[in-house]
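Required output: the full structure, derived from the provided sequences and hints.
Protein chains: 2
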Amino acid sequence: MSLKIINLGGVSVQRNMFVYETPDEAIIFDCGIGFPEVSNYGVDILIPDFTYLYQIKDKIKALVLTHGHDDHYSATPFLLQKIPLKIYAHPLVREFLKNKIEDFKDLKDYSFNDIAPGIEFTIGKNFKIIPYRVNHSVPNTLGFYIVTPFGTVVHQSDFKFDFTPVMDKPADVREIASLSKQYKPVLMLSDGLGSTSDGFTETEMKIEETFDSILSSSQGKQVFITTISSNISRIQQAINSAKKFGRKVVISGRSIEQNVEVAVNQGLIKNNEIVVEDFEAKKLPPETLLYILPGTYGQENSGLSRVAEGRHKQIKLKEGAVVIFSGDPIPGMEAPIDTLIEKLVLRGAEVIYSQLQDDLHVSGHGSRGDLALMAHLVSPKYLCPIGSSIKHIRAYRDLMVDSGFNQDQIIELLDTDSMVVSENVVKKGEQYPVKEIYVDNNQTKTLVEDIVIKDRKLMSESGVIFVVIPVRGGKLDTKTNPEIYTRGYIYVKENLSLIKGMKNNVESTIKSFGKDNNDIQQIKKSVEKSLNKHLYKRVGEVPIIVVETIEL
Amino acid sequence: MSLKIINLGGVSVQRNMFVYETPDEAIIFDCGIGFPEVSNYGVDILIPDFTYLYQIKDKIKALVLTHGHDDHYSATPFLLQKIPLKIYAHPLVREFLKNKIEDFKDLKDYSFNDIAPGIEFTIGKNFKIIPYRVNHSVPNTLGFYIVTPFGTVVHQSDFKFDFTPVMDKPADVREIASLSKQYKPVLMLSDGLGSTSDGFTETEMKIEETFDSILSSSQGKQVFITTISSNISRIQQAINSAKKFGRKVVISGRSIEQNVEVAVNQGLIKNNEIVVEDFEAKKLPPETLLYILPGTYGQENSGLSRVAEGRHKQIKLKEGAVVIFSGDPIPGMEAPIDTLIEKLVLRGAEVIYSQLQDDLHVSGHGSRGDLALMAHLVSPKYLCPIGSSIKHIRAYRDLMVDSGFNQDQIIELLDTDSMVVSENVVKKGEQYPVKEIYVDNNQTKTLVEDIVIKDRKLMSESGVIFVVIPVRGGKLDTKTNPEIYTRGYIYVKENLSLIKGMKNNVESTIKSFGKDNNDIQQIKKSVEKSLNKHLYKRVGEVPIIVVETIEL
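In order, the protein sequences belong to chains A and B.
Per my numbering, the first sequence runs over residues 5 to 556.
Per my numbering, the second sequence runs over residues 5 to 556.
One or more hints might be untrue.
All copies of an identical chain are treated as equivalent in the list; a pair is satisfied when it fits inside any one copy or across any two copies.
To be verified - Here are the computed lysine-lysine pairs in the DSSO-like style, where the Cα-Cα straight-line distance is at most 27 Å: (1) Lys173 <-> Lys479; (2) Lys86 <-> Lys252; (3) Lys461 <-> Lys286; (4) Lys541 <-> Lys317; (5) Lys449 <-> Lys541; (6) Lys479 <-> Lys320; (7) Lys431 <-> Lys63; (8) Lys541 <-> Lys104; (9) Lys431 <-> Lys461; (10) Lys248 <-> Lys86; (11) Lys287 <-> Lys252.
Simulated from the structure, these hints should not be mistaken for laboratory data.
Pasting the structure below:
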């Protein structure tokens, strides 16, 4: 008898999803999307691999959401397409999620249960859960003591400590510690992303001073601030700063408008009387406005990108406008941001980004100090870094060893590992392989099979050749010549001799089978093999070769 | 009558190439390769667009190379495939280049002229050139006063000031200033890449202390250092540190071995008696060795990658080995480095990289302090940042304005801009458009046409569909059905109805032309257009559609 903990999002900063499973019940923590790295092969998002959930469908009692970031809750509608769910979430997350759900049709039943720091709740017979407050770059982020018959586990997803937060209260440090005394947790799953950053993550408070200082020297200029749409407190700081300098605020972009509306309804946003609608903004001089827009990652169709390209319907960039990037790039994703910055520069904007100016952004994730403080407040028997890459997992382990834990107390959940909690001991369990699940985030939210992605990758590197062999009544038609079509391999006009060589190769392979051999599958295979060899020898590089037939 | 300055590498940190052209003569500065950003679409390197050079072929008097970095000299053999060249370079660069040239066949004539700091030389009738020493991450990097009848221009490519360099002497600050007094330069083209980095770039000297400190705590462990192969002084520091701790040094990798051999021959490397060959290394305990390997950018087939994947023929990684990354990622290229780090971690190595440890690397490029110092030493009438992105160009302009220059003294060379120097004034000149020239760096060094790259990009995003229409004697064969083949679009097995819909669409388009219409071009166009529309409506996304015929 034991508690299994299974990671269905893979070793990843994003696509967060963990299953806590006892012999008769299971609950899920988080259900987030991910963003493809580097090249996207035409897919916009990644979601966790739900396959295992379908197998234990009847055991699933609930989905608990830790906070309102896309990589923790936005894959929920995809799961709702397949199984009904009871969702436990803070009202802020609930409302964010409701807005996402609107884009989906034919969902199974779902219901919401509100949760809040300090308010204990139980799920099924096995799970007593006590949420507590932590800080992060979205308000009302929670950590959880999960009390089960097999031991108490702390699920501490993304967090930092901020003792002077903008909108939230500081993390419940005293409560976290006293729950530890009471429940003696055997294991904590902890955010490990900041394990390579020294010290403590700085407070959000200081960002407003930066906004103030930029606005004080931007009189007579249009000002734009871009940040991620869930960062309600950053948006509040922009509003506060605008108020001090007598500017009205324009908030533009579907997701950011929705989130601000939710936050206003929940009493989180102050000074929002200076926020004006588009039609009012049009009557005001642009240089008396502060625009808050999405686009901090350089997203192709974001509000700021449209402004930078002169194709935003409501907002025109004026020469000399000040544009503030209040967010950090996801490592490896700098290129689209630089492209956006450069478009703005070329339109005459003065762009302010983190290499030019300090204190434009602070991370939502705790640094080494925060991570160690949390580990010592909770003092579990075992620690397991999550929401991290392998690099951060190893740095977290080494940090905890430096901080007084033993190396065997740190569990590195690699690849497809799971954990088993039983009799106050945590061990690695069975392997739970997960696939990359790609979604084309178009209107139909199509899932794209990974074989298709593999083909796209191969074609992107060296193109494709189609060889079409004529058959008649299922038999080889030797009177008609096979045809070769290519795309993305070589520039046909300049390589007619190469095409000719390919044709000769295919024809001689077919001939070698003799007139009466009609094992079409075998012929197709041989044609591919021989052409592959021919091209490798001649060009040194071979594209995807697809051999097909045409029935005459 | 004027001097034209044309940038053939585009606005780019890499692919450096500038042409200085008078009415009757032209010289070229640098001829470097670039590396593709983000996804590579099967190409390995980019080279400058030589088209304009072919046009002025007979005017070209020489190629001058500033320093021994790939992005400044390694495209030279590609140019030598088309035109003969007199090459002016420091002996170090000459030898580096000779090693590159070995991989190429059928080159035009070329000859080398050695240059050195302080030794004036003339090219043709128009160019008197005075090289001076600067510092950078490869020794013997030069800047140039170019004295012409139309004014003196300073060509100050990549540089920093290092007053305690490892191998070089400090930059010739007094000489740079006195040449300015003598020649009163009208323009300086200056490295601008560090314009977003505060202060002065730190000295290379401190890196050795870092190596020492890591080696002092790595007794009994195998140690690896990876750095870029041209960074001779970094390699020297690794050797020095190994010597202090009684380690022998193994240098492995073609490019790094070649460069070290050149440096040894030129008397640049000391303590090289502790460098051992592979066969000697095999007899020594691995934990008494220091390995110097390429792989600092996570290159797929680099020595360190092969070690990390357990497929290096000579070198086996032992559990607990220490691996030091002494180099910074190119921004936006972090992903492959992280992948390499993670492979090493999974094999049990302790990996030390810049987020974990300070002073593992210093940039080769001057920061804001260096850039301003150079501007004031040279004190030209106009300044033009090069080797930079638009972001850095703008930051350089703003820095120079803060440093006392007027905004109109800074020339922002954007996109396809050129400059014209005449009568002590610099103006922007004609546009010189350059294309992206891609090279498949295989044995044949094939140039890949940009139309092929475009096709690969499109196919990578949504795949390809081939529609094959049967024709007989150039006329539509209505008795045979057209066939549709697809790759990378959808997973065919799960979308039979979609394929069927496509076939119906194609067949009905063909039918609509009537039996006797044999305008095949027109039919092909209509089939494509109609299928495009059909798929857009049904799927919301359309791949490349190629309509071809097969002659029966």
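Tested hints:
no. : hint              : in the structure
1   : Lys173 <-> Lys479 : neither (77 Å within a copy, 78 Å between copies)
2   : Lys86 <-> Lys252  : neither (45 Å within a copy, 61 Å between copies)
3   : Lys461 <-> Lys286 : neither (46 Å within a copy, 40 Å between copies)
4   : Lys541 <-> Lys317 : between (55 Å within a copy, 25 Å between copies)
5   : Lys449 <-> Lys541 : between (43 Å within a copy, 15 Å between copies)
6   : Lys479 <-> Lys320 : neither (65 Å within a copy, 54 Å between copies)
7   : Lys431 <-> Lys63  : within (23 Å within a copy, 75 Å between copies)
8   : Lys541 <-> Lys104 : between (53 Å within a copy, 24 Å between copies)
9   : Lys431 <-> Lys461 : neither (38 Å within a copy, 45 Å between copies)
10  : Lys248 <-> Lys86  : neither (50 Å within a copy, 64 Å between copies)
11  : Lys287 <-> Lys252 : within (12 Å within a copy, 75 Å between copies)
Violated hints for the displayed structure, listed by number in ascending order: 1, 2, 3, 6, 9, 10.
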